[in-house]
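K.L.:
These are the residues of each chain, in order.
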Amino acid sequence: MIREEALGYLRLVSEFGLCPNFWMSEEYVQKAGLVWIKRGLLEGFVAGNDSDEWFFPPIKNGSFVFNDNIYCGFVDYSIPFVQSDFLDYQFIYNPSDFLDLSGGKWKVFRKNIRKYIRRIQYDVVYRPLQLDEQSEQVESLLLRWSSGGEFYDPDVMIRFILQGNNREGLFVGGMLVGLNVFDENFMFINYRYCLDDGSPFLNELMRFYFYTNSARRRKLVNDGGSLGLEGLYRFKCKLNPLTVFKVFTYKKTWC
Amino acid sequence: MGGKSRKSGSISKALISRIASKYKKDKKGKTKDDKRRSLGVFKVGE
Chain E
195 MIREEALGYL
205 RLVSEFGLCP
215 NFWMSEEYVQ
225 KAGLVWIKRG
235 LLEGFVAGND
245 SDEWFFPPIK
255 NGSFVFNDNI
265 YCGFVDYSIP
275 FVQSDFLDYQ
285 FIYNPSDFLD
295 LSGGKWKVFR
305 KNIRKYIRRI
315 QYDVVYRPLQ
325 LDEQSEQVES
335 LLLRWSSGGE
345 FYDPDVMIRF
355 ILQGNNREGL
365 FVGGMLVGLN
375 VFDENFMFIN
385 YRYCLDDGSP
395 FLNELMRFYF
405 YTNSARRRKL
415 VNDGGSLGLE
425 GLYRFKCKLN
435 PLTVFKVFTY
445 KKTWC
Chain F
-17 MGGKSRKSGS
-7 ISKALISRIA
3 SKYKKDKKGK
13 TKDDKRRSLG
23 VFKVGE
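Taken in sequence, the protein lines are chains E and F. Heads up, the first sequence is in the working numbering, so the first residue is 195 and it goes up one at a time. Heads up, the second sequence is in the working numbering, so the first residue is -17 and it goes up one at a time.
Rather than coming from a laboratory, the hints here were simulated on the basis of the structure. The reader is advised that the hints may include incorrect statements.
[Unchecked claim] The list that follows gives simulated cross-link-like pairs (lysine-lysine, BS3-like), each with its CA atoms no further than 27 angstroms apart:
| id | chain 1 | residue 1 | chain 2 | residue 2 |
| --- | --- | --- | --- | --- |
| 1 | E | 309 | E | 430 |
| 2 | F | -5 | E | 232 |
| 3 | F | -5 | E | 440 |
| 4 | E | 430 | E | 440 |
| 5 | E | 299 | E | 446 |
| 6 | F | 6 | F | -5 |
| 7 | E | 254 | E | 446 |
| 8 | E | 299 | E | 430 |
| 9 | E | 445 | F | -5 |
| 10 | E | 440 | E | 254 |
| 11 | E | 413 | E | 301 |
| 12 | F | -5 | E | 446 |
| 13 | E | 413 | E | 440 |
| 14 | E | 309 | E | 299 |
| 15 | F | -11 | E | 430 |
Keep in mind the model is a prediction, meaning the values are calculated, not measured.
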């Protein structure tokens, strides 16, 4: 059921020519357990039946409504006379840019992605993972990568990493050392997670594999935001984004 | 950063096991969620 509502919502976003944010995908809606509800003339997604804010802009008579409490709006879309607060950035990349890393702007990245490979003496294989494949290795990598850290929506993250529809792993000598997880909507591939075993420069290599592999899908990549972390913002800027959008939270104003 | 819909926390083996148990299949190839669904205990939207 929720699948149909997610697809219907995204269809309307597309019909209105709007730009979906990082969380607007059928798989995210399912994995986050969002619920579709009706309140008066409005209907839309909420994070739980008792939530007092809409997760995305709700719908009224076939149009989107913004003057309400809404967790995240559309990309680069602020509405006059509606109170909006900055939520996060959305880094948009063209995967084809990663096919040719020539020139000064790629110098550091180009050097870094070679450093990991140079140290490895085993076979390196990057390939998609089937559902339930290598689940013990995936769990072990997740624990190693996340150790001690605090994450937003850890349960959603675990569902994507263990049971995501689109997972690509890097194997060195048969051992899983890195994992990329993504999903997509009608406009973007959403790059959700990039896990590594902590080896220096492996994160850059994982990103290189992800983007070069994504180039054949002929969609731009939304790599989400910086979560308020200055270091992450700088790191993502160094990967030469096509553009950096903003996404906003809306607050209901009485008028 | 803003919004209150997102909660934060750490990732533990216990949390992974709790979430993974919903996906693990029994001998008949059914998950816990399949069984709940067949008993009609899912809430609207699940």
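K.L.:
Can the restraint linking residue 309 (chain E) and residue 299 (chain E) be considered satisfied, given a maximum Cα separation of 27 angstroms?
P.N.:
holds (18 angstroms)
K.L.:
Between the alpha carbons of residue -5 (chain F) and residue 232 (chain E), is the straight-line distance 27 angstroms or under?
P.N.:
Distance ~37 angstroms between residue -5 (chain F) and residue 232 (chain E) Cα, so the pair is violated.
K.L.:
Check the hint pairing residue 430 (chain E) with residue 440 (chain E) against an upper bound of 27 angstroms on the C-alpha distance.
P.N.:
Distance ~14 angstroms between residue 430 (chain E) and residue 440 (chain E) Cα, so the pair holds.
K.L.:
For residue -5 (chain F) and residue 446 (chain E), compute the direct alpha-carbon distance and say whether it is at most 27 angstroms.
P.N.:
violated (40 angstroms)
K.L.:
Under the criterion that the straight-line Cα-Cα distance not exceed 27 angstroms, is the pair residue 299 (chain E), residue 430 (chain E) satisfied?
P.N.:
holds (13 angstroms)
K.L.:
Do the alpha carbons of residue 413 (chain E) and residue 301 (chain E) lie within 27 angstroms of each other, as the hint requires?
P.N.:
With Cα atoms ~25 angstroms apart, residue 413 (chain E) and residue 301 (chain E) stay inside 27 angstroms; holds.
K.L.:
Is the Cα-Cα distance between residue -11 (chain F) and residue 430 (chain E) 27 angstroms or less?
P.N.:
OK: residue -11 (chain F) and residue 430 (chain E) at ~23 angstroms, within 27 angstroms.
K.L.:
Just to be careful, I want the Cα atoms of residue 299 (chain E) and residue 446 (chain E) compared with a cutoff of 27 angstroms; is the pair within it?
P.N.:
Violated, at roughly 43 angstroms.
K.L.:
Holds or violated: residue 413 (chain E) and residue 440 (chain E), Cα atoms, limit 27 angstroms.
P.N.:
Distance ~19 angstroms between residue 413 (chain E) and residue 440 (chain E) Cα, so the pair holds.
K.L.:
Take the C-alpha atoms of residue 6 (chain F) and residue -5 (chain F), compute the straight-line distance between them, and say whether it is at most 27 angstroms.
P.N.:
Holds, at roughly 15 angstroms.
K.L.:
Given the hinted pair residue 309 (chain E) and residue 430 (chain E), is their alpha-carbon gap at most 27 angstroms?
P.N.:
Roughly 19 angstroms between the alpha carbons, so the hint for residue 309 (chain E) and residue 430 (chain E) holds.
K.L.:
So if I understand the rule, the pair passes when the alpha-carbon distance is 27 angstroms or less; does residue 445 (chain E) with residue -5 (chain F) pass?
P.N.:
violated (37 angstroms)
Checked against the numbered hints given earlier, the structure breaks hints 2, 3, 5, 9, 12 and satisfies all the rest.
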